[in-house]
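> Protein chains in written order, with the working numbering: chain A, 1 to 466; chain B, 1 to 466.
Treat the hints loosely; a few may be bogus.
Said to hold, decoys possible - In silico SDA-like links for lysine to any residue, alpha-carbon gap of 20 Å or less: (1) A:Lys441 / B:Pro437; (2) A:Lys212 / B:Ala35; (3) B:Lys441 / B:Pro452; (4) B:Lys336 / B:Gly40; (5) A:Lys441 / B:His65; (6) B:Lys321 / B:Ser289.
Said to hold, decoys possible - Negatives, chain A to chain B, calculated, CB over 10 Å: (7) Ala158; (8) Thr183; (9) Gln276; (10) Val362; (11) Asn465.
To be verified - Derived Cβ-Cβ restraints for the label pairs, each shown as a range: (12) B:Asn316 / A:Arg247: 22 to 30 Å; (13) A:Met103 / B:Ile337: 40 to 48 Å; (14) A:Gln68 / B:Ser21: 52 to 60 Å; (15) B:Asp293 / A:Arg322: 32 to 40 Å; (16) A:Val362 / B:Pro437: 55 to 63 Å; (17) B:Asp404 / A:Val463: 26 to 34 Å; (18) B:Ile101 / A:Asp412: 20 to 28 Å; (19) A:Thr311 / B:Glu222: 17 to 25 Å; (20) B:Ile101 / A:Val453: 40 to 48 Å; (21) B:Glu394 / A:Ser288: 53 to 61 Å; (22) B:Leu365 / A:Lys441: 52 to 60 Å; (23) A:Thr311 / B:Lys321: 20 to 28 Å; (24) B:Met103 / A:Phe125: 56 to 64 Å.
Hints listed in this document are in silico derivations from the structure and should not be mistaken for laboratory results.
Note that beta-carbon positions come from the ideal geometry of N, C-alpha and C, so glycine has one too.
2 protein chains.
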Amino acid sequence: MTAVSDLDATFLDELATAVGSERLHVGAAQREAYAWDNTGRRFLPQAVVLPETQEQVAGVLRACHRAQVPVVPRGAGTGCVGGGLAVQGGVILSTQRLNRILMVAPEDRLVVVEPGVVNADLQAFLLPHGLFWPPDPSSARSCTIGGNLAMCAAGPNAVRYGVTRNWVLGLEVVLADGSLMRTGGYTTKGVVGYDLTQLLIGSEGTLAVVVKAILKLAPRPEARRLMRASFRTMAAAAQAVAGVMSRGDPPAALEFLDPAALELLRGQEVGVGHPQAQALLLLEVVGSSEDVDGKAREMMARIEPFDPLETLLAANEQEAKRVWAARYALSPTLTKIAPRRINEDVVVPVSRLANLVDGLAVISLETGVTIVSFGHAGNGNIHVNLLTNPADPELERRAKQALDRVFRLVLDLNGTLSGEHGVGIMKRDYIHWELDPSSLKMHQKIKNLLDPVGILNPGKVFVVND
Amino acid sequence: MTAVSDLDATFLDELATAVGSERLHVGAAQREAYAWDNTGRRFLPQAVVLPETQEQVAGVLRACHRAQVPVVPRGAGTGCVGGGLAVQGGVILSTQRLNRILMVAPEDRLVVVEPGVVNADLQAFLLPHGLFWPPDPSSARSCTIGGNLAMCAAGPNAVRYGVTRNWVLGLEVVLADGSLMRTGGYTTKGVVGYDLTQLLIGSEGTLAVVVKAILKLAPRPEARRLMRASFRTMAAAAQAVAGVMSRGDPPAALEFLDPAALELLRGQEVGVGHPQAQALLLLEVVGSSEDVDGKAREMMARIEPFDPLETLLAANEQEAKRVWAARYALSPTLTKIAPRRINEDVVVPVSRLANLVDGLAVISLETGVTIVSFGHAGNGNIHVNLLTNPADPELERRAKQALDRVFRLVLDLNGTLSGEHGVGIMKRDYIHWELDPSSLKMHQKIKNLLDPVGILNPGKVFVVND
């Protein structure tokens, strides 16, 4: 580890001038705190800046642009693909202190925030207005809005509300050369010019740094009801998902757990339904206090034709919490039992879920790699977890083989390699499996257009020049 | 009028080879049919092609690219801003014969279509599946999906469902040089790479030609209820709109008519509410047959605090049709009474509607130009109609002055110059009023990147090189 930053002194002076020396960190310990994210991989940045204003962000970008030093925008470091890691060194630009909620307008169903606002803090702020911002990654208690926008992150709500990009009206961003650009605006309709807002959302910090976001809000449902349904086979559960999604109002959440996931949880104090269940669905409906029970009954009626072993309608908030507990116990459990897990978030069309499930079983059997799957079934977005061990090179080799086969399978089923985690460094070498050469070429051209010097989060998403 | 096309013979041969001579028209009468759109302005193209396959579209683009001849993608010619007009001559590329519905997958809530499918035909096709595609421009009976995507067109549904761009999962497009590019895909979540789908939607045919679209579908509501509310003043109606939008489920439509609009309709056989009404709101709620009446009552309760002169809940489908008739009679009436009307579709945040309404009254008074306003109040998207007469140069001058003042007002209120019509040639000279210089520069760079020769719908949206 470098004890102090090895960046050029003139450049460090420029950074200090831009951001104020108290917001520039070059000490080893401080840099270490920004060297990690949810991937468990470590890349030590050469400096960390914590700007508090747009002007300071612009100053940092100008300095990095001039000196051709990489700059990595970073929220709370909860990402799953290394998007916030300084893989080529350079400066981590943390948005944590750009965390003001600037304005809320309930009639306009919008809120204006800085990127460092924590998702859960925003939701708490919106509560008295009867509104919420639908994107709900499982890291909501710590992840930032800026990170949500950069990755186009999502969670269970997506099945009903759509994804992050549907809930952004406009942005203010700093471009690679430090200039400011506004996109979109304060209205729920607007067709003047190209949609640069959407080009930037999900671009993983490779095109610009968001300094302000105008977010569209939804009315917070008055009431919710959680249901659980156990099935004899994964195939039956997958068919039930397709059945639920083929008609009527979508549920507010439609999650599933596979046999391996249920097996893992059986020893724990969480409800996993019928003892013979090989698959579990969790369904939530939302509505007004008057109509939510009718909606729950209607949803139950959609499931009945698929012959569940057992169904349960949570009687109250507490019971619902207990039922959700099974779903939320999975990630920590997996982290505990496997020395390493490859946690993917592939997506297939809902009608192909049964094929995916069948295919995963074959891959697990043939490679001898344990695969545990669960996730957002209503979007066909499955967290496929391959359990492996860095101390066992032979298993690691087979896990890599299994992963490649999972990705091929997903693409054969008209799916995508990532529904909500993004590409970052973890799927960069697979992106050409999914994008056609013409699209990849266009990505490279757009990247070069917006970031000609190549300082913005280099090494991520795709290879810029090949 | 040129009797036969004056295009170079070699180029015409290439076009004929690309598309088949029976799908290439150079006769004056045939070209005349493609010289007009809803703006009433006439630009005679030099040739018209009607490709039936992706390959034919690619061939046309390749020929135009080589010969540097403008090519104007065009749907049904229902646009309001000249987007489908050959303002610099060249070739009209009509998508009318690319009109197949290729696949529907109800479990995946998606349909795959070619761009020439008529919006209403798609809706009719989806009816038995209990699904629909939410974008509903008033031209739905004749406009095409390709046109809807090019302009990011919308209608009353937008207040509940969001706009066209929220209902597209992926595209296949032909780029300026004739190469094919796929964007997005078949899943409702997906974060692999930049969102090129959204960059293309609303780009008005200036970046690529859509040849296939994967559209996201919504469940068709079982039941709907229409309500009407009359108000003593426009200000009261505007406040009621803000009140309705500030909480709870959005209505499925929230339209308004101003005093001048009501005055125009009073002589006609359409219901316009209370005789002293100075403003009218139409509100629709949707739901299941069980819960829709409860929703209508809840919506009525949201309006009551704003002291309406009269409210009406349509008892049945027929009565609802009669109430809607007032809204739909307006455009034809205006076309009849005014030799020319400037029909704008500005948007302001809902909370600023009252300010917009007040400002329009002042502008009308001070310029002596009659202004009739109605439209999608729930989105703050107002059709501002300035009535003028080409035979009266003095009035025309004042109308232009009034228009400029309307645009300034809208932007001062944090609004946008177009909510659903687009820019085309009609607002091109105003676009720099709305976009900041940095954004406009980015538009120019992106245009040059995707269309370096400048053949795709030239002269539209913004000036490419200045």
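> Report the numbers of all earlier hints that the structure fails to satisfy, in ascending order.
Of the numbered hints, 1, 2, 7, 8, 17, 23 and 24 do not hold.
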